[in-house]
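Residue numbers (my numbering), protein chains in the order written: chain A, 1 to 115; chain B, 1 to 115; chain C, 1 to 115; chain D, 1 to 115.
Quick caveat, the hints were computed from the structure, so don't treat them as lab data.
Owing to the predicted nature of the structure, the values given are computational and were not obtained by experimental measurement.
Each hint should be verified, as a subset may be incorrect.
Derived DEER-like restraints, expressed as beta-carbon distance ranges [what the hints assert, rightly or not]: (1) A:His-59 x D:Glu-103: 26 to 36 Å; (2) B:Asp-19 x C:Lys-106: 46 to 56 Å; (3) A:Arg-50 x B:Asp-19: 31 to 41 Å; (4) C:Asp-84 x D:Glu-51: 46 to 56 Å; (5) D:Glu-103 x B:Glu-51: 51 to 61 Å.
Pairs of lysine-lysine residues, derived as DSS-like cross-links and limited to a Cα-Cα distance of at most 27 Å, are as follows [said to hold, decoys possible]: (6) C:Lys-114 x B:Lys-99; (7) C:Lys-111 x D:Lys-106; (8) A:Lys-92 x B:Lys-10; (9) D:Lys-106 x C:Lys-5; (10) B:Lys-111 x C:Lys-108; (11) D:Lys-92 x A:Lys-47; (12) B:Lys-104 x A:Lys-111; (13) B:Lys-47 x C:Lys-104; (14) C:Lys-92 x A:Lys-111; (15) C:Lys-111 x A:Lys-114; (16) C:Lys-111 x A:Lys-92; (17) B:Lys-104 x A:Lys-99; (18) C:Lys-10 x D:Lys-5; (19) C:Lys-10 x D:Lys-108; (20) A:Lys-99 x B:Lys-61; (21) B:Lys-104 x C:Lys-47; (22) A:Lys-92 x B:Lys-61; (23) B:Lys-92 x A:Lys-111; (24) D:Lys-61 x C:Lys-114; (25) B:Lys-111 x C:Lys-111; (26) B:Lys-61 x C:Lys-111.
We put the beta carbon where it would ideally sit given N, CA and C, even for glycine.
4 protein chains.
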Amino acid sequence: MADIKEITEKIRQFRDERDWLQFHNHKDMALSIVLEATEVLEHFQWKSHREVEQYGAEHSKEIGEELADVAKYLFELADNLGIDLSQAIVDKMAHDGAKYPVEKAKGKHTKYNKL
Amino acid sequence: MADIKEITEKIRQFRDERDWLQFHNHKDMALSIVLEATEVLEHFQWKSHREVEQYGAEHSKEIGEELADVAKYLFELADNLGIDLSQAIVDKMAHDGAKYPVEKAKGKHTKYNKL
Amino acid sequence: MADIKEITEKIRQFRDERDWLQFHNHKDMALSIVLEATEVLEHFQWKSHREVEQYGAEHSKEIGEELADVAKYLFELADNLGIDLSQAIVDKMAHDGAKYPVEKAKGKHTKYNKL
Amino acid sequence: MADIKEITEKIRQFRDERDWLQFHNHKDMALSIVLEATEVLEHFQWKSHREVEQYGAEHSKEIGEELADVAKYLFELADNLGIDLSQAIVDKMAHDGAKYPVEKAKGKHTKYNKL
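So that you can see chain A by itself, here it is in the shape it has in the complex (with noise of 0.2 Å):
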């Protein structure tokens, strides 16, 4: 199962189940994706460049675990909002390469405005 749909499906229930949705609103949602993301950045902290790749590839499954707390949050976010989440993904990519043309953007990490 990898669509974000039925994902989102599953967990809008498992909140329902619990009665969550009373405290699931915007802002708590949104902090909470901020809260998760800061556990799989945590896991890089203080570390080099290697130690970042070995440890990476040691301790996927923790990391693994903190990104889908943060994909259960934002799939659910978005749902909340209804927003059709590939869609705006989709959408989104469409916008970043007229930004970011190839010829311009190649091998450089410019932000747009100064490139």
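Chains B, C and D: place on chain A using the hints.
Same frame as chain A, now just chains B, C and D:
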């Protein structure tokens, strides 16, 4: 198109056309998920519960663009780490279901270790 | 002791006794401020306005420890960058005062560019 | 002027002239510290160790403005919670000193529970 793997394939292609993998180490990717997540959160700063609801309804398009940015980095980081994100979400929900059994967690926002 | 420079001197000494400057590059310092700040925020996750007030009153000691962690990294990063933080705050407030004149900003949480 | 209490007094005055205390509940304050902290972090996104050093040297003024924003919310939140921030920092450093004794922690970025 709602499949995480398909979208991830497009994200990877976008990145590789621009030769950006060299910048996309796990630490900067995790950091970027956090940065994009805070852009979502910023929409709700200083707003009351009522204002949050109304704002969400009126600005879902802009918020959807920020959620898409979170998703893009999230899907790519999972991919870079060799994580099957869909499976990780399903596994995490099973795990959470055990930590938050319906009969104990219903209608409460208490953390599992205090339930 | 309430002086930023004195406290910063103690922070520097603590760090140097442990030979930690090698890890305290600006990126990891900035990342660490974010991580500690989210630990403050986590205290308020899922809580209603009323619960937040009560929780703050009852847990100010624990929250104070998290705020201290933010301050430690904040003061050290400013120091590492050669920034006089007290002066930077005073300057920023003067700048903010011009962006948010009392007569326009009073009683509103509107961003300056929409005032 | 380098005294946290004096600066906090000015911050409080700035806020009260604008009648902003009504928006400055602890949750939004904590959230705002996070948002400002990520603005610091954004300066270093995608940059290599070498680039971070050079960028920090060349942009300390802008970064100082972001650090000032973090400090303003940090000092005010501590004040709102009745926390003596200077004392909290001193106490936290004593606590950290016990968790990270020099002879065990020197030259390592290991977390205390794995030292």
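Going through the hints against the structure:
no., hint, in the structure
1, A:His-59 x D:Glu-103: 26 to 36 Å, "28 Å, holds"
2, B:Asp-19 x C:Lys-106: 46 to 56 Å, "51 Å, holds"
3, A:Arg-50 x B:Asp-19: 31 to 41 Å, "21 Å, violated"
4, C:Asp-84 x D:Glu-51: 46 to 56 Å, "25 Å, violated"
5, D:Glu-103 x B:Glu-51: 51 to 61 Å, "54 Å, holds"
6, C:Lys-114 x B:Lys-99, "45 Å, violated"
7, C:Lys-111 x D:Lys-106, "46 Å, violated"
8, A:Lys-92 x B:Lys-10, "12 Å, holds"
9, D:Lys-106 x C:Lys-5, "24 Å, holds"
10, B:Lys-111 x C:Lys-108, "35 Å, violated"
11, D:Lys-92 x A:Lys-47, "24 Å, holds"
12, B:Lys-104 x A:Lys-111, "48 Å, violated"
13, B:Lys-47 x C:Lys-104, "18 Å, holds"
14, C:Lys-92 x A:Lys-111, "25 Å, holds"
15, C:Lys-111 x A:Lys-114, "25 Å, holds"
16, C:Lys-111 x A:Lys-92, "25 Å, holds"
17, B:Lys-104 x A:Lys-99, "49 Å, violated"
18, C:Lys-10 x D:Lys-5, "18 Å, holds"
19, C:Lys-10 x D:Lys-108, "20 Å, holds"
20, A:Lys-99 x B:Lys-61, "18 Å, holds"
21, B:Lys-104 x C:Lys-47, "18 Å, holds"
22, A:Lys-92 x B:Lys-61, "11 Å, holds"
23, B:Lys-92 x A:Lys-111, "35 Å, violated"
24, D:Lys-61 x C:Lys-114, "26 Å, holds"
25, B:Lys-111 x C:Lys-111, "34 Å, violated"
26, B:Lys-61 x C:Lys-111, "20 Å, holds"
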